[in-house]
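Make the full structure from the sequences, and use the hints.
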Amino acid sequence: MAQVTTTSDIDGRRPALVQMILLACGIGLLAAAPFFLYPIFVMKLLCFALFAGSFNLLLGYTGLLSFGHAAFFGGAAYFTAHAVKEWGFPPELGLLVGVAGAAVLGLIMGFFAIRRQGIYFAMITLALAQMFYFFCLQAEFTHGEDGIQSVPRGKLLGFIDLGTPLNMYFFVLAVFLIGMLVIWRFINSPFGMILKSIRENEVRATSLGYSVARYKLGAFVMSAALAGLAGGLKALVFQFATLTDVTWQMSGEVILMTLLGGIGTLVGPVIGAGLVVTLGNYLATSEFPVTIITGLVFMVCVLLFRRGIVGEFYASSLGRTLGFEHRH
4 MAQVTTTSDI DGRRPALVQM ILLACGIGLL AAAPFFLYPI FVMKLLCFAL
54 FAGSFNLLLG YTGLLSFGHA AFFGGAAYFT AHAVKEWGFP PELGLLVGVA
104 GAAVLGLIMG FFAIRRQGIY FAMITLALAQ MFYFFCLQAE FTHGEDGIQS
154 VPRGKLLGFI DLGTPLNMYF FVLAVFLIGM LVIWRFINSP FGMILKSIRE
204 NEVRATSLGY SVARYKLGAF VMSAALAGLA GGLKALVFQF ATLTDVTWQM
254 SGEVILMTLL GGIGTLVGPV IGAGLVVTLG NYLATSEFPV TIITGLVFMV
304 CVLLFRRGIV GEFYASSLGR TLGFEHRH
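Take the position in the sequence shown, starting the count at 1, then add 3; the result is the number in the working numbering.
Among the hints, erroneous ones may be present.
[Stated by the list, open to error] Below 20 angstroms or equal to it, Euclidean Cα-Cα: the simulated EDC-like pairs (lysine to aspartate or glutamate) are:
#	residue 1	residue 2
1	K47	E95
2	K88	D164
3	K88	E148
4	K158	E89
To be clear, the hints were calculated from the coordinates, so they are not data collected in a lab.
Next comes the structure, spelled out in structure tokens:
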């Protein structure tokens, strides 16, 4: 018998088709960006977008607010920079060292932090991150306040010179897309579904037989590893690693990016990171303090966009028509 395609089937496929078109347009714009914008600026934006996406994996989909994510971001920057400059590792291996180092940090910090909930969890992550900051300040391999400078970008796979701006940009873009794909796959896997159930009702998830502590620790380590990927990438882009990347202000900045874009949305942190990085870049030469402008933008978004920019769009009639998910 021939299969009959009904109107409801077509209507059900239309949102998915629209989303695929929007995704293709977004990737196309990113591919064309270095020909119209300063490549270093766009690379910085992509690094912070991946950083915010990794943080949102923990906050938006697991319900854990960490005040210490700068430890993974900045720590991986140091690990990658040291591996590439001092050990002579190629950039891809240097990135893997940074990711592995951030994952180990995440395992250690998460082991202690997940034993508490709410504000106590947040304070423990902040305290542990500050301990790591002082370690980086005193450790010999970090060179203290001078940081690790003149980090070579090297050659990708032994023959692609990352010293060329366009080569470096498309490498960063590829890593960013892979990182976002990993986040998407993670949150849409059975593991991710359990994390969402823990976020909504931890007591019920426990009563169903799930080991909540293990799932939280797994999410924490995954988030730390992806934050490390972003940090190691930033070290290669700017060719240095400094204490700025491990300060508590950096942890606050990634929280701001996620809140502005929309907690619990895949694209929200990317939009939030783009807004914060753009403000910081184009207002850096102005006489008006960037932090005040950023604070005002945050106040406006909190008052007018309670769910974040992307979250409000998803909750709108247009967003629902296009089939976008929204976390209530």
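Legend entry - Hint check against the structure, violated hint numbers in rising order: When the structure is compared with the hints, none of them turns out to be violated.
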